[in-house]
Amino acid sequence: MAEVQAVSRPPLILGDKSLTQITSDICSAMLRRPGALWWIGFLFSLTLLAIGATVVTYQVATGIGTWGLNNSVGWAFGITNFVFWIGIGHAGTLISAILFLFRQRWRTSVNRSAEAMTLFAVMCAGVFPLIHMGRPWMGYWIFPYPNFRGPLWMNFRSPLAWDAFAISTYFLISLTFWYVGLIPDLATIRDRAGAGLRRRLFAFFSLGWNGSFRTWQRYEIVYTLLAGLATPLVVSVHTIVSWDFATAVIPGWHATIFPPYFVAGAIFSGMAMVLTLMIVARTVMHLENYITVRHVEVMCKLVILNSSIVALAYGTEFFMAQYSGNPYEQFVFLNRAFGPFAFAYWTMVSCNVLIPQLLWFKRIRTNIAVVFVLSLLINVGMWFERFVIIVTSLHRDFLPSNWASYRPTTIEVATLVGSFGLFFTCFLIFCRILPMIAMAEVKGVVAHERAQRRNRK
Amino acid sequence: MSADYKKYWRSLEEYEAGDALDEQAAEEFADTPLREGAEPGRREFLLAAGFTLAGAALTGCGRAPVEKAIPLLRQPEGILPGRSYYYATVCGGCSASCGLLAKGRDGRPIKLEGNPEHPVSRGGLCAVGQASILGLYDSLRLQQPMARGKSASWREVDEEIAKTLDGIRKEKRTVRVLTQTVASPALNSQIRGFLKGFPDARHVVYDVLSASPILDAHRQTHGARVLPRYLFQKANVIASFDADFLGTWISPVEYTSGYSEARAVEATPPRSAWHVQFESRMSLTGTKADRRIKLAPEQIPAALEHLAVRVARKAGSPVLPAAGSPVPLPDEVLDELANRLWEARGRSLVVCGLPGAEAQVLCNFVNHLLGNYGATLDIAAPSYQKQGDDRELTALVDEINAGKVGALFLHGVNPVADLPGGEELAKSLARIPLLVSLSPRLDETSPLARFVCPECDPLETWGDAEPVAGVTAISQPAIRPLGQARPAIESFARWSGNGASAHELVRSFWQESVYPRQAGQEAFEAFWKKSVEAGFARVRPQPMAVKPFDVQAVKPMSAGRSSTGKLALVLYPTPAMPDGRHAYNPWLHELPDPITKATWDNYASLAPATAGRMALQDGDVVRLLISGNAIELPVLIQPGQHEKVVAVALAYGRTVSARFANTGPKWLEQRPTPGPNGMIGANAAPFLLLKDGSVRYWRDDVKVTATGKRRPLAVTQAYSSLTVPKNLDPGGGPRPIVQETTLEALGTGGAKHESEPVMELWPDDHPFTGHRWAMTIDLNACTGCSACVIACQVENNVPVTGRDEVMRNRQMHWIRIDRYYSGPPSDVEVAHQPMMCQHCEHAPCETVCPVLATVHSSEGLNQQIYNRCVGTRYCENNCPYKVRRFNWFEYSRDDRLANLTLNPDVTVRSRGVMEKCSFCVQRIQDAKAEAKLQNRALRDGEIQTACQQTCPARAIVFGDVNDPRSKVAQRMNSGRRYRVLEEINTRPSVGYLKIVRAKKTDTDKEGGARG
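Chains F and R, in that order, are what the protein sequence lines are. So in the working numbering, the last spot in the first sequence is 457, and the numbers never skip. So in the working numbering, the last spot in the second sequence is 1011, and the numbers never skip.
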């Protein structure tokens, strides 16, 4: 049965690579001097990061008033960015853990980068809850730590406290998972490196990997266990993030649909970001044989699935508002669609629901350039989704006397820009110093395919 | 281990091991630094020495050198550090002279409260009065006298003035004293004494907000220039012709108190005076009227005349058979009003704020026909709150401009900024040989003076007041003068050759002139002491020579004033800034106007239809032009205003307001607080008309042109209706935030509160067994005057944020007055709703704070712990009432003098923390401590929150709802009580009492709301 299926499917890795070729293809990217394109990208990202660092320093020194928030809209850009980046971070764990458990072999080409992306996105996300505080230097108070302030403890009922746990857990597990997956490849690099610091570093981090059967067996067990551990996190982190809103009393936030809605949205945006990065990487790093059109197509299919779930959620929200008979709730959704922030709402709907429908067509799915543009638009749409949820619910809530508007300041925009700088800077450094593609896993796929081909002959 | 003792073993191992174990143990603890019994070794020595040295060094590391402050060498009796004390005194905010209790703390006054015993103001205080404490600590006040623009000493100045006056006396030149209404009889008598020494001397009085026509009309009708005392509390029908008596007219605190009494629907017997308001713009009083009739400015006197004709007909008086003016409104409206007034003869009141004695005479005539004199108007014991005479002012201005004045003394006035033709007047003033200004600040006029002799703040000096005949009040100082300023009474005495102090002068005046009027038998000393302690004394009114009503004075109106069809300019005072003397005060500038909710500016109000016709939007700058005078102001669209009117507030554009250039946080995108002219707003006084012995506050020849510029206004409430915008309306009508009922509904069984069924998911595990603090706010009584906003600001150290922050919706006031319009924009109904922290039992803010910075007390308070707050603002987002205020920046506390108003009982919040109404928890704690010291239970009413204390309408009641006899518990059971957003089960501790509308509302049947 399995063999019949395998025959009908195109190979995952093109070019009929030998194992040695795979190693050298992937490692050579790290050994070559970086090209002009990398340098341009790196300097650009570093500039953005510097801008971000400057404005955040300024903001912390001057006051959170340098953001465009007000007494009615207490959260806007900062928390939008936070949820956006956390969402981006979801695809990595999904690809590495859930698809691993489901034995989706196509994941091997993209999982390493997707996991790296997750880590960097969670780093970007983690910055925002801290800097959005009025007194970020007191931020550690939201953790339960032994203290001398009498019996003072943090509030376990607050979703923000759950957030802190969820995100730190997610980051740690993702990091561990990523690192464990890296070990065989680190050993490969160690073995190829000459004497010197590089060799010693990789030797240290590869934890004495010797490639024996016993090592491989232990490795596989640990990896599977970690995958099992990480899987619930894919669901839990964004569920908890959604509780930041769902447990509030504010119409537009107070909705039981939020956890699945947020998780689907997160995977949606994460997939789009993976697509964006992979398409860039395969072109720039010449990895067309490893990240094939088939990979892109498979991910596009996941994107359509999630887009449909998100669309269903949008519709359900409107239906529930109408069905509830709650005029405050009804107003919030009418206000979203036709109020002062209608542009944000319709950007969201266009980018997240309408445009992804193009991916039903195979010709579009297989056109790398178009997919690239679509993936960018989806990311824009998903950013606006969070903006719409946060700002349109707050700016016109119960008492009309409180109604206010919101406008970001340049400081806020620069902070968002800076978070992209942080993300891309980290990612570009990652591309240079670590294997972008999991060599050990790809080899497994290639060996498998080769065995199948042999059987056929 | 001594052998004398029996050795007990603890375990078999120990027994078997014997002494070996002891040795082992000794070895194990060999390292213990300070072994008992052993000789200290090298290590022990070093350890002990190091510890001692470090300890000695650490004790030297104090945080700061200790400075011992010894405030008083001899402790005054009854004054304890850290405890407040109160001095009864008189408010200097305006000439209404409300009774005050100045709250002092460690030698400095920090808060002003209404004196509840005071027979005129009855415990209330307005926003201006509350804010006037900042005047005491104002760094713009002159510290010493000035001669020809330079600082000088009092001796030099006095000598020069005396010398110049001698010359004037010899040359028989004219001496004039120009003041606003002098509330103080002692100062009045001092000025009289001063002027007695000159052959041609006169004391001219004018008021920026003139009541001169009322006094003039009474001279015509009653033969005496008196201002009646209006007793709103006795009226059942009130008709007001353009008199904003709840906001700015003569004595708003007194009238608000009376008005609220006249409309106490839950009193026994229930009362609800019917109130009709004729006006052209939307005034605070108009917002409370049962019937508001919108007329163009020239139509209001006509309406009064036609009413007078109808009342005369009913009374059978032949005096006014027909009106001279065209009838401006439907006959049935006038007929109905005439009927209502006639039925309430002797219990009705007609008040008129129109310029010109002609209309005032008609007003007197109506009141006379209705028998209101002696009932709701008292002229036997009249008011002295406004004494200005515009006719004399006109004469004086002519004299000044003609260069005939030899010496002019200015006290409490700023004629260059307040009067029309100020520029021309300034030139003439500069030519006066001896111009002496007593102004405490350098304003528009005082720099012209040869001598500026700054007078003290009213809180620094002795004085007195007689707001209404028979109520004399003593203004005692709450602090020694902060600079070298000198009370006006001392200055005039000095220039009359009397070197006595203000205390001696006031006291001797009382001995001579007030003491003989008192009824009691006590000695003067006892009388004086009692009066100082109480703040006032009731004495016999000065006999008034009032003649019977003279019908000869009543004449039909001249029909000359017909509308030209163009826009009319109406100049008006705002309750927040009634008088340019307060233009230095940042609190009043940041106080949202009770109706427009605009701060830090004046503006040109236009009716929605007019603005639509001229294609103008809120914030478009227009140019107003009348005969060469032009000012530019942003437009504000004001529902309910007459279509032919453009209304502009007076008292803005003052030079002292240039000080606000530095107000507000400093950062990249900050915008300045002052306008393009460097000041707050623009001065509209040049548009006033001083003609025919009367100041006209409206002009019918204004040209309004758009400039194409924009200046968005800093408005604290962006949306003004309880109905959501039409295109976003899901149906369901207005939101039930403000609820209304009718008199009929109250009468028919609606008087008891029906307890609502409670669906409860949460366990009821927090019983409130002791106190349970709660508040009720009577929306029917609340006039929106905003005194509570300033009272709260002073009490709770609320910072001023500046115009830019208000525009960004970051004002810090803990209590705000929400104002909602309903009905068509041309003729709106208005509701005011004070909104502050509701202290919800199920507070949404409390559950979401990750660091427990906001928690519930066992007495039902929602507490904010500033030093625990990290500033996530989640609580603010989750507050359905949006009453939490965040410190977006470190709001400036740079003015160290102004910081002396800070209440030491309330933390000054730093940046990055949330704050909100605390139900004045410091007052609760204070009262509890006091009761505990006296070993008794707390009494109801003992704790008054700052907003409650100042409310002239007594709309706010605070207390313990667990005490069934408390007033707040009783009001919670009222049939009018509801809670805002009750349906989301936040269980607020604040109950609102529904507005009672005189007419039947359609929605009331469903128990619904009107917005």
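Don't read these hints as lab results, they were simulated from the structure. Values in this document were obtained by computation on a predicted structure and should not be read as measured data. The beta-carbon is built from N, C-alpha and C at its ideal position, and this holds for glycine as well. There's no promise every hint is true.
Unchecked claim - Negatives, chain F to chain R, calculated, CB over 12 angstroms:
| hint | residue |
| --- | --- |
| 1 | Thr20 |
| 2 | Asn71 |
| 3 | Arg135 |
| 4 | Ile142 |
| 5 | Ile173 |
| 6 | Gly211 |
| 7 | Ala281 |
| 8 | His286 |
| 9 | Ile309 |
| 10 | Glu329 |
| 11 | Val332 |
| 12 | Ser350 |
| 13 | Lys362 |
| 14 | Arg363 |
| 15 | Ser405 |
| 16 | Val445 |
What the hints assert, rightly or not - So the derived list for chain R, only partly shown, Cβ under 8 angstroms to chain F, looks like this:
| hint | residue |
| --- | --- |
| 17 | Thr847 |
| 18 | Glu890 |
| 19 | Val913 |
| 20 | Leu981 |
| 21 | Ile984 |
| 22 | Arg987 |
Each hint, compared with the structure:
1. Thr20: Answer for F:Thr20: holds, closest chain R Cβ roughly 54 angstroms.
2. Asn71: violated (5 angstroms)
3. Arg135: It is violated; F:Arg135 is separated from chain R by about 4 angstroms at its closest Cβ, not greater than 12 angstroms.
4. Ile142: violated (4 angstroms)
5. Ile173: holds (22 angstroms)
6. Gly211: Since the minimum Cβ distance to chain R is about 47 angstroms, F:Gly211 lies beyond 12 angstroms and the statement holds.
7. Ala281: Per Cβ check, F:Ala281 is outside 12 angstroms of chain R; nearest 37 angstroms; holds.
8. His286: holds (44 angstroms)
9. Ile309: holds (26 angstroms)
10. Glu329: violated (9 angstroms)
11. Val332: Its Cβ does come within 12 angstroms of chain R, the nearest being 9 angstroms, so this is violated.
12. Ser350: Label holds. Min Cβ-Cβ 21 angstroms, cutoff 12 angstroms.
13. Lys362: holds (42 angstroms)
14. Arg363: holds (41 angstroms)
15. Ser405: violated (7 angstroms)
16. Val445: The claim holds: F:Val445 sits with its nearest Cβ about 45 angstroms from chain R, beyond 12 angstroms.
17. Thr847: holds (5 angstroms)
18. Glu890: Holds - the Cβ of R:Glu890 comes within 8 angstroms of chain F, reaching about 6 angstroms at its closest.
19. Val913: holds (6 angstroms)
20. Leu981: holds (6 angstroms)
21. Ile984: Holds, because the Cβ-Cβ distance from R:Ile984 to chain F comes to roughly 6 angstroms (cut-off 8 angstroms).
22. Arg987: This hint is violated: R:Arg987 lies away from chain F, its Cβ roughly 12 angstroms from the closest one there, beyond 8 angstroms.
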